[in-house]
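**Q** Build the full structure now, drawing on both the sequences and the hints.
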Amino acid sequence: MTGRATFKLLALVPVLLGVSVITFSLMYMAPGNPADILMRAYEEAPAQESVQAFRSHFGLDDGPCTQYVKWLSRVLRGNLGVSFKTGESVQAKIIDRLPATLELAGGAFLFMVLVSISFGITGALCRGRLPDKGIHILTVLATSVPAFLLGLVLLYAFGVLLNVLPVTGRIGPGSFLLPVVTLGLAASCVYGRTLRAIIIDVIEQNYVKQAYAMGLSTRRIITGYIMKNAMLPLVTLYGMSMGHLLGGAVIVESIFSWPGVGKMALEAIMSRDYPVVLGYVLFMTVVFTMSSLAVDMAYRFLDPRVQEGIGYDPGGDGV
Amino acid sequence: MTTILEARSLSVHYQTPVGAVKALDHASFSLGEGEILGMVGHSGSGKTTAACVIGGFLEKNGRVENGEVLFRGENILFLPWRRRRRILGKGIFLIMQNSASALNPTRRVIAHVADACSSGEAIMGRKAVSKACALLERVGIGKDKQTLFPFQLSGGTKQRVLIAMALALRPAVLIADEPTAGLDAINQATVLDLFGTLKEESVASVILITHDLRVLTAIADRIAVMYRGALVETSNTADIISKPVHRHTQELVNAMKTIHGS
Numbered sequence: 103m104t105g106r107a108t109f110k111l112l113a114l115v116p117v118l119l120g121v122s123v124i125t126f127s128l129m130y131m132a133p134g135n136p137a138d139i140l141m142r143a144y145e146e147a148p149a150q151e152s153v154q155a156f157r158s159h160f161g162l163d164d165g166p167c168t169q170y171v172k173w174l175s176r177v178l179r180g181n182l183g184v185s186f187k188t189g190e191s192v193q194a195k196i197i198d199r200l201p202a203t204l205e206l207a208g209g210a211f212l213f214m215v216l217v218s219i220s221f222g223i224t225g226a227l228c229r230g231r232l233p234d235k236g237i238h239i240l241t242v243l244a245t246s247v248p249a250f251l252l253g254l255v256l257l258y259a260f261g262v263l264l265n266v267l268p269v270t271g272r273i274g275p276g277s278f279l280l281p282v283v284t285l286g287l288a289a290s291c292v293y294g295r296t297l298r299a300i301i302i303d304v305i306e307q308n309y310v311k312q313a314y315a316m317g318l319s320t321r322r323i324i325t326g327y328i329m330k331n332a333m334l335p336l337v338t339l340y341g342m343s344m345g346h347l348l349g350g351a352v353i354v355e356s357i358f359s360w361p362g363v364g365k366m367a368l369e370a371i372m373s374r375d376y377p378v379v380l381g382y383v384l385f386m387t388v389v390f391t392m393s394s395l396a397v398d399m400a401y402r403f404l405d406p407r408v409q410e411g412i413g414y415d416p417g418g419d420g421v
Numbered sequence: 048m049t050t051i052l053e054a055r056s057l058s059v060h061y062q063t064p065v066g067a068v069k070a071l072d073h074a075s076f077s078l079g080e081g082e083i084l085g086m087v088g089h090s091g092s093g094k095t096t097a098a099c100v101i102g103g104f105l106e107k108n109g110r111v112e113n114g115e116v117l118f119r120g121e122n123i124l125f126l127p128w129r130r131r132r133r134i135l136g137k138g139i140f141l142i143m144q145n146s147a148s149a150l151n152p153t154r155r156v157i158a159h160v161a162d163a164c165s166s167g168e169a170i171m172g173r174k175a176v177s178k179a180c181a182l183l184e185r186v187g188i189g190k191d192k193q194t195l196f197p198f199q200l201s202g203g204t205k206q207r208v209l210i211a212m213a214l215a216l217r218p219a220v221l222i223a224d225e226p227t228a229g230l231d232a233i234n235q236a237t238v239l240d241l242f243g244t245l246k247e248e249s250v251a252s253v254i255l256i257t258h259d260l261r262v263l264t265a266i267a268d269r270i271a272v273m274y275r276g277a278l279v280e281t282s283n284t285a286d287i288i289s290k291p292v293h294r295h296t297q298e299l300v301n302a303m304k305t306i307h308g309s
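Line by line, the protein sequences are chains A and B. Taking the working numbering, I'd label the letters of the first sequence as residues 103 to 421. Taking the working numbering, I'd label the letters of the second sequence as residues 48 to 309.
These are computed hints drawn from the structure, not numbers from a lab. Just so it is clear, the structure is predicted and the values come from calculations on it, not from any experiment. Where is the CB? At the ideal position from N, CA and C, for every residue including glycine. Errors might be hidden in some of the hints.
[Said to hold, decoys possible] Partial pick of chain B residues on the chain A-facing surface, computed with a CB cut under 8 Å:
{"no.": "1", "residue": "Gly-79"}
{"no.": "2", "residue": "Thr-153"}
{"no.": "3", "residue": "Asp-162"}
{"no.": "4", "residue": "Met-212"}
[Unchecked claim] Taking lysine-lysine pairs in the DSSO-like style, the calculated list, with each CA pair at most 30 Å apart, reads:
{"no.": "5", "chain 1": "B", "residue 1": "Lys-190", "chain 2": "A", "residue 2": "Lys-311"}
{"no.": "6", "chain 1": "B", "residue 1": "Lys-69", "chain 2": "A", "residue 2": "Lys-311"}
{"no.": "7", "chain 1": "B", "residue 1": "Lys-107", "chain 2": "A", "residue 2": "Lys-330"}
{"no.": "8", "chain 1": "A", "residue 1": "Lys-311", "chain 2": "B", "residue 2": "Lys-304"}
{"no.": "9", "chain 1": "B", "residue 1": "Lys-107", "chain 2": "B", "residue 2": "Lys-178"}
{"no.": "10", "chain 1": "A", "residue 1": "Lys-330", "chain 2": "B", "residue 2": "Lys-246"}
{"no.": "11", "chain 1": "B", "residue 1": "Lys-192", "chain 2": "A", "residue 2": "Lys-330"}
[Claimed, not checked] Only some residues are given here: those of chain B computed to face chain A with a beta carbon under 8 Å:
{"no.": "12", "residue": "Phe-76"}
{"no.": "13", "residue": "Gly-102"}
{"no.": "14", "residue": "Leu-105"}
{"no.": "15", "residue": "Asn-108"}
{"no.": "16", "residue": "Phe-125"}
{"no.": "17", "residue": "Gly-136"}
{"no.": "18", "residue": "Phe-140"}
{"no.": "19", "residue": "Ala-149"}
{"no.": "20", "residue": "Arg-154"}
{"no.": "21", "residue": "Ser-166"}
{"no.": "22", "residue": "Ile-170"}
{"no.": "23", "residue": "Leu-216"}
**A** Quick look at the structure:
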């Protein structure tokens with residue numbers, strides 16, 4: 103148990119190194135250099151001297167390896183550097199914008215869990231009937247429409263035509279609804295569909311038949327005999343979805359001008375603000391790994407067979 | 048003796064890719080109140096199909112072609128599922144074949160029995176749990192094992208958990224499908240003893256299904272012999288052993304005597 107957690111935490115080190123190398127190389131190879139792009143934001147044709155001053159100030163004249171090593175040694179000392187664009191410390195920037203993103207991703211996560219569970223149960227128990235078919239159609243629609251289009255359509259429908267919800271920004275609970283739905287809907291439908299298939303499979307199990315044979319109420323059978331077993335495989339999916347939600351937040355935050363880390367990352371990429379992008383990527387990697395670790399823990403909590411360590415390892419990677 | 052359950056000319060076919068398979072072929076039998084009826088036959092003779100049809104859990108590819116099952120005089124075979132469910136548990140309780148898969152792997156043993164208690168007597172929460180605790184003690188499962196999960200128990204203990212569930216439900220008819228399969232001799236004896244207790248305390252009328260004739264001789268009032276989906280002979284236990292009529296019954300009795308001596 104603790105061995106596995108330690109292993110995952112240790113594995114985080116090479117993962118972080120690899121991710122930072124890849125991100126750094128991609129940023130370095132991308133056309134346009136930060137000095138030019140940033141200076142142009144202030145003046146039409148930046149003077150050669152000021153560009154040069156910028157480059158030497160941030161050490162951009164060094165070779166890529168030197169730059170990376172310098173960056174890494176700073177990070178190891180707990181300093182993610184400062185933004186090229188604003189001069190703010192990257193840590194401060196991320197911490198400042200984190201609550202907004204967590205609020206959005208957390209809301210979308212809750213939305214996803216609630217909607218997928220209700221879709222899954224309804225679909226499985228009304229298999230082939232009207233509610234099931236309705237959910238099926240919604241699923242096809244929600245998964246085939248990309249988030250940016252869905253976001254714009256929702257904006258137009260609720261913000262412009264009906265004018266019941268604010269269009270952009272983070273002001274009050276109303277502004278929260280549209281981004282959360284945009285971010286969570288596709289995943290809710292997909293997981294709802296997955297859960298439906300799992301439930302249908304679990305219903306066929308002998309112990310569920312035995313529970314029916316005992317004359318138990320439908321509610322007791324669902325809560326005591328079906329859901330716990332059906333949720334086991336889904337917990338893994340939920341855990342992995344946390345990473346996708348945070349990734350998807352980049353697009354959704356940009357559409358709704360949601361002041362979170364996703365929007366920050368997109369702006370930083372646009373202006374080749376290396377330290378901010380790298381900081382964001384490192385941060386996301388840690389979050390992703392932590393959520394997969396949390397899934398592991400949850401699994402142990404939910405499935406007694408895993409606690410026992412009897413070699414039963416559903417959905418595990420065998421480590 | 049009043050009849051509580053009666054199957055009349057019951058035929059069940061399974062649809063398979065290679066055509067229909069007759070699992071039950073005009074099988075008729077009856078179960079008297081407080082009686083233990085043993086059902087014996089080789090594998091594939093239709094014993095489990097009979098249990099599933101009566102218990103309400105016929106496989107999806109199975110179809111009742113003919114006949115009726117009367118429970119307290121009412122044909123329950125074609126009741127809509129909603130009404131059929133009301134009979135399950137307190138009316139007819141089917142203990143599934145293979146106790147290993149009949150218990151929820153993520154639910155503690157005592158919770159299973161507590162569920163049975165609340166289904167049988169409409170008691171909830173702590174009351175149901177303490178009742179369940181007492182019942183488990185009665186079937187010989189001590190407090191230390193009650194909070195374990197099914198996969199942590201032996202086959203015999205799991206079977207006793209199912210019997211504790213039957214004690215909690217006190218069904219009118221208990222159908223046990225191969226309750227002694229895969230158990231060692233000592234566990235078999237314990238489980239059979241418990242079925243005897245069920246009868247003595249007139250908790251339930253029992254249909255006990257097995258392929259082992261010897262198991263039935265100790266406990267059954269009457270024995271029904273199945274052969275290829277049909278009931279070929281039904282008689283008192285003593286008569287079946289001493290003067291079997293049908294050829295297949297004679298084979299079973301001789302086989303038993305060859306293995307275990309007379």
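**Q** Each hint needs a verdict: does it hold in this structure or not?
**A** Comparing the hints with the structure gives:
1. The interface hint given for B:Gly-79 is broken, as the beta carbon of that residue sits about 22 Å from the closest beta carbon of chain A, more than 8 Å.
2. Evaluation of the B:Thr-153 hint against chain A yields a held restraint, the C-beta minimum of about 5 Å falling below 8 Å.
3. Taking 8 Å as the C-beta cut-off, the interface hint given for B:Asp-162 holds, the closest approach to chain A being about 6 Å.
4. Taken as an interface hint, B:Met-212 checks out: its beta carbon lies about 6 Å from the nearest beta carbon of chain A, inside 8 Å.
5. Taken as a hint, the B:Lys-190 and A:Lys-311 pair is honoured in the structure, with Cα atoms around 27 Å apart against an allowance of 30 Å.
6. Straight-line distance between C-alpha atoms of B:Lys-69 and A:Lys-311 comes to about 24 Å, which keeps the hinted pair within the 30 Å bound.
7. Distance check on the hinted pair: B:Lys-107 and A:Lys-330 sit about 25 Å apart at the alpha-carbon level, within 30 Å; holds.
8. A distance of roughly 37 Å separates the Cα atoms of A:Lys-311 and B:Lys-304; the hinted pair therefore is violated under the 30 Å criterion.
9. Between B:Lys-107 and B:Lys-178 the alpha-carbon distance is near 36 Å, which puts this suggested pair outside the 30 Å criterion.
10. Restraint check for A:Lys-330 and B:Lys-246: the C-alpha separation of about 36 Å exceeds 30 Å, so the hint is violated.
11. Of the supplied pair hints, the one linking B:Lys-192 and A:Lys-330 holds, its CA atoms being roughly 22 Å apart against a limit of 30 Å.
12. Taken as an interface hint, B:Phe-76 does not check out: its beta carbon lies about 20 Å from the nearest beta carbon of chain A, beyond 8 Å.
13. With its C-beta approaching chain A no nearer than about 6 Å, B:Gly-102 sits inside the 8 Å limit, and its interface hint holds.
14. A distance limit of 8 Å between C-beta atoms decides the matter here; for B:Leu-105 the minimum to chain A is near 11 Å, and the interface restraint is violated.
15. Checking B:Asn-108 against chain A: minimum C-beta separation of about 13 Å lies over 8 Å; hint violated.
16. Hint status for B:Phe-125 relative to chain A: violated, with the closest Cβ pair at about 18 Å, above 8 Å.
17. For B:Gly-136, the interface hint holds, since its Cβ comes within 8 Å of a Cβ in chain A; the closest pair sits about 2 Å apart.
18. About 6 Å separates the beta-carbon of B:Phe-140 from the nearest beta-carbon of chain A, less than 8 Å, and the hint is met.
19. The restraint placing B:Ala-149 at the interface with chain A holds, with a minimum CB-CB distance near 4 Å, inside the 8 Å limit.
20. The beta carbon of B:Arg-154 is positioned within 8 Å of a beta carbon in chain A (closest approach about 6 Å), and the interface hint is therefore held.
21. The criterion of a C-beta within 8 Å of any C-beta in chain A is met by B:Ser-166, whose closest approach is roughly 5 Å, and the hint holds.
22. Evaluation of the B:Ile-170 hint against chain A yields a violated restraint, the C-beta minimum of about 14 Å exceeding 8 Å.
23. This hint holds: B:Leu-216 has a C-beta 7 Å from the nearest C-beta of chain A, less than the 8 Å allowed.
Against the hints set out earlier in the document, violations occur for numbers 1, 8, 9, 10, 12, 14, 15, 16, 22.
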